[in-house]
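S.K.: Listed below, chain by chain, are the residues.
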Amino acid sequence: MGQKIKSLFFEGDRMIATMMTILFVVYYLEAENIPKTNMEDKIGAGAFPQLIGVFGLLMCACFFFSVRRNSGVQYEKIIGFFDEIKGVAILFMVIAFVLLIDLIGYPPATFVFVTIGVKFLGERTWLVAAAVGGVLMAACYSFFVWFLDITFSTGDFWLMIMGE
Amino acid sequence: MDASVFDSLMLGFEVALTPTNLLYSFVGALLGTIIGVLPGVGSAGALALLLPLVFKLDPIGSIIMLAAAYTGVMYGGSTASILLNVPGDTSAVVACLDGHQMARQGRAGPALCIAAIGSYVAGTIAVVGLMLLAPFLAEAALRFSSQEYFALYVFGLTAVAALAGKSLPKAMIAMALGLMVATVGTDLMGARRFIFGISDLQEGIEFLAVPLGLFAVSEVLINARNIRSGGTFEVMKHKIYISMKELKESIGAIFRGGILGFFIGVLPGAGAGIAAFVSYSVEVQVSKTPEKFGTGMIQGVAGPESANNAASAGAMVPMLALGIPGSATTAVMLGAFYIIDVQPGPLLFTQHPDIVWGLIAALYLGNVMLLIFNLPMVGVFVRILYLPMRWLLPMIIVVAASGVLSKNGAILDVLFMCGFGAIGYYFRKYDFPLAPIILGAVLGDNMEIAFRQSMMMMQGDIWPMFTRPIVATLFVMSALSLFLPNIIRAWSKRNLDVEEDV
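Order-wise, the sequence lines are chains A and B.
If you use this note's numbering, the first sequence corresponds to residues 1 to 164, in order.
If you use this note's numbering, the second sequence corresponds to residues 1001 to 1502, in order.
Bound-form chain A, shown alone (with noise of 0.2 angstroms):
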């Protein structure tokens, strides 16, 4: 009994199946709390929000019931738990990049992050790495702050450096 619910809810393509229908009840509750705002709003804020949520759970049902008991398994056998790692791996470095845009400035924060990024994906030496990342930092600068004219943050770490 166990494995068999096991098989239905939480393996492959159901597991994104469960994890979305859990999305769907929570969003319905949050949606059924929001009060409405003017008398002449019939329905209120929360009605159309329930709407999609009920939507969502009768499209979730739907799943469960056509599903086949095979799908997604073989994918699984392929990719592994660590090769899964390896590549959500780049996804920490894309936020750490994010965090460094606001810490160290935009230029900066390209150049490091496409020189890792690309020594990480495999680049042999640092030289080449950092000669990419120094192409790519110039051309981004170029054309956002210089041609389009974007402010992007110059960096909490230089504004406390310069005492501002």
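Rather than coming from a laboratory, the hints here were simulated on the basis of the structure.
Values in this document were obtained by computation on a predicted structure and should not be read as measured data.
Check each hint, because a few of them may be wrong.
A few chain A residues facing chain B, derived, Cβ under 7 angstroms [as the list claims (entries may be wrong)]:
no.	residue
1	D13
2	I16
3	T18
4	M19
5	V25
6	Y27
7	F63
8	I95
9	V98
10	A138
11	F144
12	I150
13	T154
14	G155
15	L159
Cβ coordinates follow ideal geometry from the N, Cα and C atoms, glycine included.
Starting from the known structure of chain A, fit chain B onto it as the hints suggest.
M.R.: What follows is chain B alone, placed relative to chain A:
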């Protein structure tokens, strides 16, 4: 064609074809393409960037340059989608579906060529529509009340059937997620929803973070995982130009997309993104091999690319004929008209024929310019794909993050992009389609506004809505487009089975 319309168009071409205005058109198309390639700026942003030039250049020249830039941005957005799976704008998202698959098969050149040719042909269709139907269509579009818009958005949502791939429930779940994303933030009555005390969320989740995360970041994650797991990337030899066979296969899609896109573009608020999605849905439905869409079908690029270009010209109709901007981009364009002291509206065609017909001719010339310099440039664009994957992946991230940051400068938006990247990664891994999320996010906001305005008008009773002819027609069309293909497929399968039994 009415002789006076033809004479007016000739006047427009006389204005637009002077050497100076041709130069403005060229510069506009070039700048538009460059800006369009990068995510974040979008067509409204690109035109806003060029707006200060209106003060400096001569009035007609500046309007011509803006019109050419508009067409350039629409084309540029699809280039990044096809080559790198990085959609620069809503309207470019659909190009990721089959365009990027074509690039992965070594057919980036034909995909870019058909985007340019489709844009040109659709631009021509739209210009013809613009000059013949502008006043009539503008009035008809104004008859659309919130009920009709709601029905139109429901019809737009049925495009999910075309984006579903193997499983309709999976696509519907993804679409519901997109609709959820659209409801975050302050609603039209000022109620704050799902913001959990985060003030940056009051304006909602920045839309650009959604497609960039789902497509660009997830693409990077998948490739990074393959590289780190010891996978090798074959450097593929890319075909540069399109074959006659591919061109023939695309002609129908281009014309369908062009006509459909123009009419959707005329409706204020509908926009090029919806036109592209609806066109893709139509292409899947008319195809003899709908199951191949999403695997690199050239019609999946030709139709939506034509539709989004035609929609951008269609959006000019209410602006020129009534002075009502139907989108952010036409609002910027309207600003340019005010700067040069011209009031768009019913009298524009008689009071300033040189400007209005010059603009119409410029839209056409912009498309010609795009064709002239983009077809030879296809080979150059395709060379991007020869860069080593280990260089390309961090570049995609930096360009995507810069694009999102350039919108509001909010770090939270980039973190959302990362979050959607993770969602995209796992959705792709387990075969949940990504495009329905975008469809829901694009339509959700406007759909809710139309729904609630309708409910207010009808005192909370939904049934009177169905007595309106346009609404009823759109709902019937929605039901047909969602269920008819499945019914026909089931019926033909049953017939085949019966024949086999016999």
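S.K.: So, for every hint listed, does it hold in this structure?
M.R.: Do the hints match the structure? See the list:
Nearest Cβ of chain B to the Cβ of D13(A): about 4 angstroms, under the 7 angstroms cut. The hint holds. Using the Cβ-Cβ criterion of 7 angstroms, the hint placing I16(A) at the interface with chain B is satisfied: the shortest such distance is roughly 5 angstroms. Given hint, T18(A) at the interface with chain B, is violated; its Cβ is 11 angstroms from that chain's nearest Cβ, farther than 7 angstroms. For M19(A), the suggested interface contact is broken, since its CB lies about 9 angstroms from the closest CB of chain B, more than 7 angstroms.
Because the closest C-beta pair between V25(A) and chain B is about 12 angstroms apart, greater than 7 angstroms, the hint is violated. Checking Y27(A) against chain B by beta carbon gives a least distance of about 6 angstroms; that is within 7 angstroms, so the hint holds. The criterion of a C-beta within 7 angstroms of any C-beta in chain B is met by F63(A), whose closest approach is roughly 4 angstroms, and the hint holds. Hint status for I95(A): holds, given a least beta-carbon distance of 6 angstroms to chain B, under 7 angstroms.
Nearest Cβ of chain B to the Cβ of V98(A): about 5 angstroms, under the 7 angstroms cut. The hint holds. For the restraint placing A138(A) at the interface with chain B, the shortest Cβ-Cβ distance is roughly 12 angstroms, beyond the 7 angstroms limit, so the hint is violated. With a cut of 7 angstroms, the hint placing F144(A) at the interface with chain B holds, because the nearest CB-to-CB distance is about 5 angstroms. With a cut of 7 angstroms, the hint placing I150(A) at the interface with chain B holds, because the nearest CB-to-CB distance is about 5 angstroms.
Here the hint on T154(A) is broken, as its CB sits about 12 angstroms from the closest CB of chain B, past 7 angstroms. Because the closest C-beta pair between G155(A) and chain B is about 12 angstroms apart, greater than 7 angstroms, the hint is violated. Of the supplied interface hints, the one on L159(A) is violated, with its beta-carbon coming no nearer than about 16 angstroms to a beta-carbon of chain B, more than 7 angstroms.
Of the hints listed earlier, those the structure fails to meet are numbers 3, 4, 5, 10, 13, 14 and 15, in rising order.
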